[in-house]
Amino acid sequence: MHDWQALIRKRDFPMIENAQCRGKTVVYLDNAATTQASRPVIWTMENYYMRQHANVHRGVYCMSEEATAAMEETRQLVAEFIGAASPDEVVFTSGTTQSINFLAEAFAASVLKPGDLVLATEMEHNSNLLPWLSACSRSGAELALVPVTADGELDLEELGRLLEKKPKLLAVCAVSNVLGTVNPLREIAEMAHAAGAAVAVDAAQAMRHGLPGVCSLGCDFLSFSAHKIMGPTGSGILYGKREWLERLAPPHTGGGMVSSMQWPEINYEDIPLKFEAGTPNLAGIAGFGAAIEYIQALGRERISEYEVSLIKYAEKRLSGIPGIQILGSPAQRFGALSFTVPPLQAYDVALMLSAEGFALRSGRHCANLLHEKMGVSASVRLSPAFYNTKNEIELLAAALERLLAAAKKAGVPVGGVKNG
Amino acid sequence: MDEIAAEQEQILKEFRELEDPMARYSYLLALASLLPSSPDDLKSPDYAVKGCQSSVWLKAWAEDGRFRFIADSDTYIIKGLLYLLMNVLDGRPLAEASGAELYFWRDEMLLGSFDDSRKKGISYVAATLRTRARELSKNE
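Chains as they are written, first to last, in our numbering: chain A, 1 to 420; chain B, 421 to 560.
Honestly, I wouldn't trust all of these hints.
Pairs of lysine-lysine, DSSO-like flavour, derived with a Cα cap of 27 Å [to be verified]:
#	chain 1	residue 1	chain 2	residue 2
1	A	Lys408	B	Lys558
2	B	Lys540	B	Lys433
3	A	Lys408	B	Lys463
4	B	Lys470	B	Lys539
5	B	Lys540	B	Lys463
6	B	Lys479	B	Lys539
7	A	Lys373	A	Lys166
8	A	Lys373	A	Lys165
9	A	Lys24	B	Lys539
10	A	Lys409	A	Lys10
11	B	Lys558	B	Lys433
12	A	Lys316	A	Lys390
13	A	Lys408	B	Lys470
14	A	Lys316	A	Lys409
15	A	Lys24	A	Lys408
16	B	Lys433	A	Lys24
17	A	Lys165	A	Lys113
18	B	Lys433	B	Lys470
19	A	Lys373	A	Lys316
20	A	Lys168	A	Lys373
21	A	Lys316	A	Lys408
22	A	Lys373	B	Lys463
23	B	Lys470	A	Lys409
24	A	Lys24	B	Lys540
DEER-style ranges, computed between Cβ atoms [stated by the list, open to error]:
#	chain 1	residue 1	chain 2	residue 2	range
25	A	Ala33	B	Leu531	19 to 25 Å
26	B	Asp535	A	Ser134	26 to 32 Å
27	B	Ser537	A	Pro322	27 to 33 Å
No lab work stands behind these hints, which were simulated from the structure alone. Think of the CB as a built atom: it goes at the ideal place given N, C-alpha and C, for glycine as much as any other residue.
Isolated chain B (complex conformation) (with noise of 0.2 Å):
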């Protein structure tokens, strides 16, 4: 198992223990306030992360070859998971975040309760996380 699968199901088996959703949710804004600060200029509409029922803003570059970004909400359970992203995938080689699955946030015990027009937000972060990864990886 690569190190990206690893932490998500490392993620996974935290949330696990977690059995009540309550506590689950509580998890995430815990995890919230960890997320570094982001600097003012990243709350920009070019970083906006189309399709979010929250706002969302995510900004990603290539450093020594690896993938870095930062990212922000509006919202601690959008900022929880946010957080979670960015242990699975920041500071990882840009070959391995280009192709990585990242597959922990489609859970049940994550998603379980969110309505489908967050579900589909989420799913927009993903796919900018990776679409950002493959377009760096391809210039380095």
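This is chain A alone, in the form it adopts within the complex (with noise of 0.2 Å):
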């Protein structure tokens, strides 16, 4: 274990060092779902309501000043952390999922009309699919997608050829939250652009990997959630070009957004917050910004570099068991593995484990096109993150061959062998 690892473990996560649970001691690698907030961003959250709590933008007294002052010290921290040119590119959301079905509303209603084309990918979580899915059927686009290859990647060559018809806007992860996959989300931006169409890149995944800036990626449009860095969940961000949030109408409307009205014409404000109606979810933005002044304090090509190390000897340690079938095979795995046990069910595998003491995931991961492409019905996911150890991994491995050794004894055939 490197030895900033585990101080930091111990120091800020003591529910990753002593959580039980049914007498079991917890081995967390479920952080794809959600990551543990690190004692630093509830310290700041619990002090924002001890002694900051009040409504932004509206109050000329101090807390008003003082929590305004905080919110857009976060937007700066944000900027600064995704590359953006400008905090006012930042809007504040709820996580990744409003942010994406904030952008498609928006799509829809300003860009989309019948007959144009959106790409996604096979690879996409949900709700990277589903918002750009409704926003089609409201403006009567089209939503075609680029294959996944059976590695596990995306199909750039068949990418090429969709770009040809020319589509308003690609949509895609920077990191399948299934398999693993880091996208060349330089290349395929780049592709994307010579054929005219904006990119829209879900990053959930992606933001403790050391992703580069979204100026220099060139990406139009980035999302991600607070809840994957170590945050709070409840609060995450949608980034836009500045030439594309001002062209875009705000798909939601209410207070705080409005500059003037002589009823019925109304003026909004200026973006951000022409796209923020409504009172922010201002502790969660507050622990949010400690969230990303802990990760960059610890460093992302630090933590990408550790936790690539330990997906690698997942990897290498699951594949070597008779019986396991890892999904894909992608050339560059960031923060998750998802495998099967076949012939028992994925659900099955996690409860079995769940007994053991570790938390995983089971099922689809709201990525039903990617499991369906795979030919798998299910899988069970581990996605580790810094706080986790090799030792975790190999204590997982082990209960896995366990698992195996009782299935085979009790007469299922895993592995193709029946030894009943």
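Combine both chains into one complex, guided by the hints.
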């Protein structure tokens, strides 16, 4: 174990170090679903409610001014974190799902026309698929999907062919939440822009990774959630290039986004406030800022290097166990690895491992199309973060070996062998 | 204690002897292989138990005044539970089966780690068995 890793695990993630469930020590490996908030994030949110809480933008009193300044400070932090040209390009949302729904609604209202084409991929989480399906259905546009290869990579040749049809937008994830595939975003963005398509990146699984800044990636939109980077749930952002955000009409309206009103004529605030109707999740935004500072302090390169080493170790160890089938073999994996133990159902495998203390996820991980493409109905996913250890992966592998032995003994033909 | 309750107590006693949850699940896997193989036509929408997270099919009928059923699932652990349900209910007199209280499957030892949707799914299986037993009992 790296020294820094052991220290921060103990100091900042007490739940990871001490959690018990039904008498077993919990090994938390479900970080693609959500990560544990670090101690500084929890302190910041507590401090916010204890000393700072007031509504933003509308008060001239001290607490409101402080709350506004704190929110804008986080906006600045996010802009630096993602390499945006300006904090004005950062819109606060409740998380990635809301960001994409928000964008898709705005696109349907302001950009898409009947007969237009939108591209998504077979690799997408439903949160980056269903909003586009709905936007296309409302606007009369068509949605086409970029296929995934047997290895679990995007088929860039087919993407090239689809781009010849001049789509308005390409929605693509930076990292697959099932396979951990790291997509070549820069290349994809270049291809899409050459065809005149905007690029919207779902970066939910990528933000602990050494993702290049949005400006250098060349994406037009990017979404992610705080709770995937050791921050709180219910807080996230939609990044949009200034020219795009200025062009799009706000899909949601309400308080806090009106600059002047002479009924029935209404003028909205400039970006980003025109997209932030209602009271924002202020405590969540405060915690979001603390999470970014925490990740920045540890260093994304260091985090990425360590997490990649865990995934590589898991892939090597699990692929050596007869009876386990790992989904895909992409050139670069980050954050997630999914597998099946046929003929056992994924749910049963996760359930039996849960009895041993392992927190894993089973099912389709909201990526139904990808599972269909990989030829499985469901899978078990392990997704380590930097507070996990190689020893925990080893414990999981040993538990899987015991599970397989027990299943074989019970007459289940795991690994194609029936020993009953 | 009637035979249905006695059978359920016996099941709980067996599971109590298996202290380790992994051992209990392994036992369910072993019981799954004992579930009689079902005819192909069982796996049709007509016999599907609605509301289950896993696919479960169940066909019940009356035979010489007794409640009979066959069942299957796409999941080994559920197959194990179905086998236990067969031990409890299959072949019992219709009057007994229709009034039986099925409770063993609700025990923490069996369902402790199941999530709510699966617990609900298994409760649908038990409810379907009870309903079918009552219907068949009325028709007798």
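For each hint, the structure was consulted:
1. Restraint check for lysine 408 of chain A and lysine 558 of chain B: the C-alpha separation of about 44 Å exceeds 27 Å, so the hint is violated.
2. Distance check on the hinted pair: lysine 540 of chain B and lysine 433 of chain B sit about 24 Å apart at the alpha-carbon level, within 27 Å; holds.
3. Distance restraint check for lysine 408 of chain A and lysine 463 of chain B: the Cα-Cα separation of roughly 26 Å lies within the 27 Å cut-off, and the hinted pair is therefore satisfied.
4. Only pairs whose Cα atoms come within 27 Å are accepted, and lysine 470 of chain B paired with lysine 539 of chain B is accepted, the gap being roughly 13 Å.
5. Of the pairs offered as hints, the one joining lysine 540 of chain B and lysine 463 of chain B holds, with about 21 Å between alpha carbons and a cut-off of 27 Å not exceeded.
6. For a cut-off of 27 Å, the pair hint linking lysine 479 of chain B to lysine 539 of chain B stands: about 21 Å separates their Cα positions.
7. For the proposed pair lysine 373 of chain A and lysine 166 of chain A, the alpha carbon gap of about 25 Å is at most 27 Å, so the pair holds.
8. Of the supplied pair hints, the one linking lysine 373 of chain A and lysine 165 of chain A holds, its CA atoms being roughly 24 Å apart against a limit of 27 Å.
9. Restraint check for lysine 24 of chain A and lysine 539 of chain B: the C-alpha separation of about 22 Å stays at or below 27 Å, so the hint holds.
10. With a C-alpha separation of about 39 Å, the suggested pairing of lysine 409 of chain A with lysine 10 of chain A is violated against the 27 Å cut-off.
11. A hinted pair counts as satisfied when its Cα atoms are at most 27 Å apart, and lysine 558 of chain B with lysine 433 of chain B does not qualify at roughly 34 Å.
12. Our distance criterion of 27 Å between C-alpha atoms is met by lysine 316 of chain A and lysine 390 of chain A, whose separation comes to about 12 Å.
13. With a CA separation close to 31 Å, the supplied pair lysine 408 of chain A and lysine 470 of chain B exceeds the 27 Å bound.
14. Restraint check for lysine 316 of chain A and lysine 409 of chain A: the C-alpha separation of about 25 Å stays at or below 27 Å, so the hint holds.
15. For a cut-off of 27 Å, the pair hint linking lysine 24 of chain A to lysine 408 of chain A stands: about 24 Å separates their Cα positions.
16. Taken as a hint, the lysine 433 of chain B and lysine 24 of chain A pair is honoured in the structure, with Cα atoms around 23 Å apart against an allowance of 27 Å.
17. Taken as a hint, the lysine 165 of chain A and lysine 113 of chain A pair is honoured in the structure, with Cα atoms around 15 Å apart against an allowance of 27 Å.
18. With a C-alpha separation of about 31 Å, the suggested pairing of lysine 433 of chain B with lysine 470 of chain B is violated against the 27 Å cut-off.
19. Among the hinted pairs, lysine 373 of chain A with lysine 316 of chain A is consistent with the structure: their alpha-carbon atoms are about 23 Å apart, no more than 27 Å.
20. Restraint check: the Cα-Cα separation between lysine 168 of chain A and lysine 373 of chain A comes to about 25 Å, which is no more than 27 Å; the hinted pair holds.
21. Only pairs whose Cα atoms come within 27 Å are accepted, and lysine 316 of chain A paired with lysine 408 of chain A is accepted, the gap being roughly 23 Å.
22. Proposed proximity of lysine 373 of chain A and lysine 463 of chain B is supported: the alpha carbons are some 24 Å apart, at most 27 Å.
23. With a C-alpha separation of about 32 Å, the suggested pair lysine 470 of chain B and lysine 409 of chain A falls outside the 27 Å cut-off, and the hint is violated.
24. Our distance criterion of 27 Å between C-alpha atoms is met by lysine 24 of chain A and lysine 540 of chain B, whose separation comes to about 25 Å.
25. Taking 19 to 25 Å as the suggested C-beta distance range, the pair alanine 33 of chain A and leucine 531 of chain B conforms, at roughly 23 Å.
26. One distance hint, 26 to 32 Å for the beta-carbon pair aspartate 535 of chain B and serine 134 of chain A, holds here, with the actual separation near 28 Å.
27. For the pair serine 537 of chain B and proline 322 of chain A, the beta carbons lie near 31 Å from each other, so the given range of 27 to 33 Å is met.
This entry does not satisfy hints 1, 10, 11, 13, 18 and 23, going by the numbered hints stated previously.
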